[in-house]
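Number of protein chains: 2
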Amino acid sequence: MRQHPDERAAALRSWFLGPHAENEQLFHELLDETVQDHFRWRKSFRPEDPPAISPAACRSPVHAASVAELRADLKELADELKHGVPFFSPRYKAHMIGDQTMAAQLGYFTALLHNPNNVSAEVSPVTSRLEMEVARDLARMIGYDSADSWGHLTAGGTIANFEALWIARSIFYFPVAVALAAADLDVDLNVDVPECARTPLRSLDLFGLLNLSSEATLNLLAETRAIAGGELLKIALKRYSLSSAGYQDYARTLAARFGDPLEAGVVLVPATAHYSWEKIVRALGIGANQLLFVAVDEHARMDPDNLWDRVRRLAARRRPIIACVSVAGSTEEGAFDRLDTILEVRDLAEAELGVTFHVHSDACYGGYAATATWRADGKRRTADEIREATGIAWPQDSWVDSVKALAHADSVSIDPHKLGYVPYPAGALLLRDGRARALVASDPPYILPSHVPARSNDAVMGRFAFEGSRPGAAAAAVWLSHRAVPLDERGYGYLMERTAVGAHALYEALRIADVSPCRIVTLPKPDLNIVCFLVAPPGDATLRELNALNEGIYHSLSVQHPYDSPEYVISRTVLRSPVYEGVAEPLLRRIDSRLLGEWPEEGLVVLRAVVMDPFLATSEPGSRHAAGFVRAVRQAAHAVEARSGSLTLI
Amino acid sequence: MRQHPDERAAALRSWFLGPHAENEQLFHELLDETVQDHFRWRKSFRPEDPPAISPAACRSPVHAASVAELRADLKELADELKHGVPFFSPRYKAHMIGDQTMAAQLGYFTALLHNPNNVSAEVSPVTSRLEMEVARDLARMIGYDSADSWGHLTAGGTIANFEALWIARSIFYFPVAVALAAADLDVDLNVDVPECARTPLRSLDLFGLLNLSSEATLNLLAETRAIAGGELLKIALKRYSLSSAGYQDYARTLAARFGDPLEAGVVLVPATAHYSWEKIVRALGIGANQLLFVAVDEHARMDPDNLWDRVRRLAARRRPIIACVSVAGSTEEGAFDRLDTILEVRDLAEAELGVTFHVHSDACYGGYAATATWRADGKRRTADEIREATGIAWPQDSWVDSVKALAHADSVSIDPHKLGYVPYPAGALLLRDGRARALVASDPPYILPSHVPARSNDAVMGRFAFEGSRPGAAAAAVWLSHRAVPLDERGYGYLMERTAVGAHALYEALRIADVSPCRIVTLPKPDLNIVCFLVAPPGDATLRELNALNEGIYHSLSVQHPYDSPEYVISRTVLRSPVYEGVAEPLLRRIDSRLLGEWPEEGLVVLRAVVMDPFLATSEPGSRHAAGFVRAVRQAAHAVEARSGSLTLI
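So the sequence lines, in the order shown, correspond to chains A and B.
So the first sequence is numbered by our numbering: it starts at 1 and just counts up by one.
So the second sequence is numbered by our numbering: it starts at 1 and just counts up by one.
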């Protein structure tokens, strides 16, 4: 079952078109087959129908002129695109975009010719099914139980995260709605309370109702369907859900019915959270002021001690927590939060404080890394086994524990269009307990029979997903890519290993590089494949000068305008105070402790290389590019220093 | 400048691959050129770099095995897709999906090979620019001033509508936030109040603050940037915006500061509004109970009298209106609200009641129909001119007035992936006054200088748009399609005419069809290209029997499972009480007035044919398909009746 390393390396070389179109013949053949097949199908579909476009029409001068213009415009587009960014090149190391798998490109195009719409199986009987298969693939990849979980594709990570928090918000307030509806109907209900036995719902105060576990809440949902012929659930959802009542009336209702001036529910995120989380809490009406940032450690991972401290203080103030977002692969650093430890914090909060919250893993970037933890036989690999395969000290045991903990997150978002190597748009949302989708369904759940299992009615995804029309081609692309590149050590797992090995090689090259009179200061070893570092100028530079140097290097090594073509392409990020203190302070101490005082005002510019390229790990061309990358950084640093007058080199 | 009709007809035949792949040679050539060109580019990019994939690697048995599997999987995908729905066929008349323009398909694929990400120009220097061009195209199409307006592409209509209402909500509450911040800083400000002179902000009560025009509010935004070094704006946005404070704190703040138990703001939509509007108000926290449906008339257009009545009654109760959504091309009927009249209602409300609201046009379906109102020289066509071109009584003068009124809507959503004939995903949002985007920007607007014009900083679209990563390929597809098919009478305008003419031909064929002993009852003539009708059984059928017949016809003529292949494919909708009374009651009276009593309980099933096919209007194959469609409906009706026992035919 296990493959020889050489076999994996050979297979890898069949997955991509290649930076020099090495697999062009294959790609061209397959593309040709698929398009010819499509033509044949059109011709054979209802061949008795008269042609809509006669051969004579295709020979008219107007047709010819129109075609000539299309040809010219298409060429213009193709030529323009070459002034874009060469993501396929090993010289591109800036953002989380690399080449796509040929399977994904060909799958996308093949389905594009049909243009199915995954809003409903009625307009996508095939690709809606493929989407469900893909959702099951991803659920299995993170260790979810396929029978209970549920998921679907989205336009991207922002929409997936938005939906996750929308659902978390709906779960959070649902017990309140049921309690109010039960009071209206004078019905008694019991519910599971963390660390307690079954408790009468009416004995809970508002804070208690907002601190039931997802499971207890979804069990409550299931129970209420049968009560008073569904009337209780109907009243709860129509009269007492935030979704129905809206923010103005809801706050008034809570105050009037509970007499409780309860503080607003909060959402906890690590300092590394993507900027879209702020958009999301704003749009959902939760409010940006309720988005609380938890400090990160030196590795840019959420600090569990700080989280626990936050939770304790919130509980003391009776401030409920709607959700805690953990990041698996932060956008800037690729950092993986210790999700296992975060879940322990929640256990502790339930046991000691009687409070709980939804745990969402934003694995938009890092989700596919879970493939490295799977053997071909469906069993998990140990950290030792993976290290044996990579031949380096990656991954750490704790990284594997974090990845395995994904199975216990209430919801997870994953972007196939990042480490899945498929074209945009392809995000995904997964729920551990698919019953939750009923709380955001467009048809109120009280019209669905209670025995319906989580995955039925997937035929009309638009009922549950936030988006309506969605490209079935995206599902086809992901599906074909998962077929061609298995979601375990043979396929994507190997890709992940290779990018991690490549990143570590680059990291080492940077760490030992001589860029004197400057010097390179690296962040801790990457959790996966994003290498962060900065170049310190000689002498007693101020933080502003340090930042100017790195900003200057970034400008030299990035595509600022369509015709730019730097030797290598990198990106940069800015570590801001106070949330990035855990990362920035140790770095600044290594450079010059006197800079610590300037940091809160200035921020710290850090250079960033994302290794999507699986070939950087191989001796040829890998080592040449690692050396070339370091050389480009050195040249850029020297050029910036020379321009600023502090160096006379070059 | 004007083209001869034959020239337009000849050009039309160069835009699509065709139902029998009539333009296959052309498509194949262009596809081949684009992919070969892409290969050449990859090979010529940094040719000095060693290959990542050696020729030897491509000859290994593992490579060969992997390729064989990819080929088999791709073939499986292609074969499966043929069991989907043949949108390209003239026999498909179910939903708003037809064939795509070749320009769109080729443009998408060409850009897909590059996979740019329009989240930011840094990862899409070319396609971000194309997106801005496309947004300008669409703005011009609806008559917006290109200097002041702003827009972008979205994943689809739901996201575009969501963003529109998010922005409307932000505009709506902004004066409240400024008033509270001004009180904190003890600053005096004046503002334009409908039908009044400049009024001190502090003289307005809460209801007055929530009834300022968009323009007055955006002027206020511009003014506040300069006050107290931006501090006022910062306090307004950080402390007193709903986006920052969130629903719980916000309601409390309003009550505490204004002492006003103001009722929740509402959103008015016509009965025809797409079901996603309910998702949107739920997610935004406005609340589904605040979504108020305005009755529609016989043509399924929002009834302006009912709207006025609603507005008057809301004003009397001091209930503010966040927005009124008008529909240009309803999903089910293709109905165009009389937007000109709706805007008059708003004028009247400002003059007589002192209330106002944001007007959004959901033109997701019908937006491209505006192209029929443009001449090639950039001047508007009159209704007479268009009728002269179509040769039928379409369009009505009032339809042209409704379309021209789009120029005055505060925001408009348009889906290129519907009547733009481009592949999914392609929605679009347009704002008449681009300054509004600052209220939802991810970087708070107080850090932007006040003199920045609306369209600058488009380089990072992710700051303003709700989505993050988005396919640049979608922008390329729309851009190339707009190039190939001009957005006026020569191009899309002609397409719109042809589908309208085809729909009217189908309508006439159904109106005079003999399906005895049943009979066909048509809804009023379509506003564009969606034909709705139903088949009435013989004798004294109950409404349930009537619905069963039409549901049965729909089941016979739709793709319920992957292998279904009915003669023609249609769809159906259900007219529900009370919001569809305007449409359903006249219909039921024509069938049997006794059914009126059953309707509120049962709803009324209506069959629906969407004519995306521009060739239905031509004598051959058009008339053959119109006749074939009627025959298929008759056969299906007779078969259902025979099964139900009320007919012995067949």
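It is worth saying that the hints were derived from the structure and are not from the lab.
Fair warning: this is a prediction, and the values are worked out from it, not measured in the lab.
Built from N, CA and C at the ideal position, the CB exists for glycine as well.
Just so you know, not all the hints are guaranteed correct.
[Claimed, not checked] One-sided and incomplete, this derived list gives chain A residues near chain B with beta-carbon spacing under 7 Å:
| # | residue |
| --- | --- |
| 1 | Ala10 |
| 2 | Ala68 |
| 3 | His114 |
| 4 | Val126 |
| 5 | Ser146 |
| 6 | Asn190 |
| 7 | Pro194 |
| 8 | Gln248 |
| 9 | Ala251 |
| 10 | Thr253 |
| 11 | Arg282 |
| 12 | Pro425 |
| 13 | Ala441 |
| 14 | Ala484 |
| 15 | Val630 |
| 16 | Arg631 |
[Claimed, not checked] Here are the simulated lysine to any residue pairs, SDA-like style, with alpha carbons at most 25 Å apart:
| # | chain 1 | residue 1 | chain 2 | residue 2 |
| --- | --- | --- | --- | --- |
| 17 | A | Lys75 | B | Val574 |
| 18 | B | Lys238 | A | Lys75 |
| 19 | B | Lys75 | A | Phe39 |
| 20 | A | Lys238 | B | Val574 |
| 21 | A | Lys238 | B | Gly603 |
Hints the structure violates: just list their numbers, smallest first.
2, 5, 6, 7, 10, 13, 15, 16, 17 and 18
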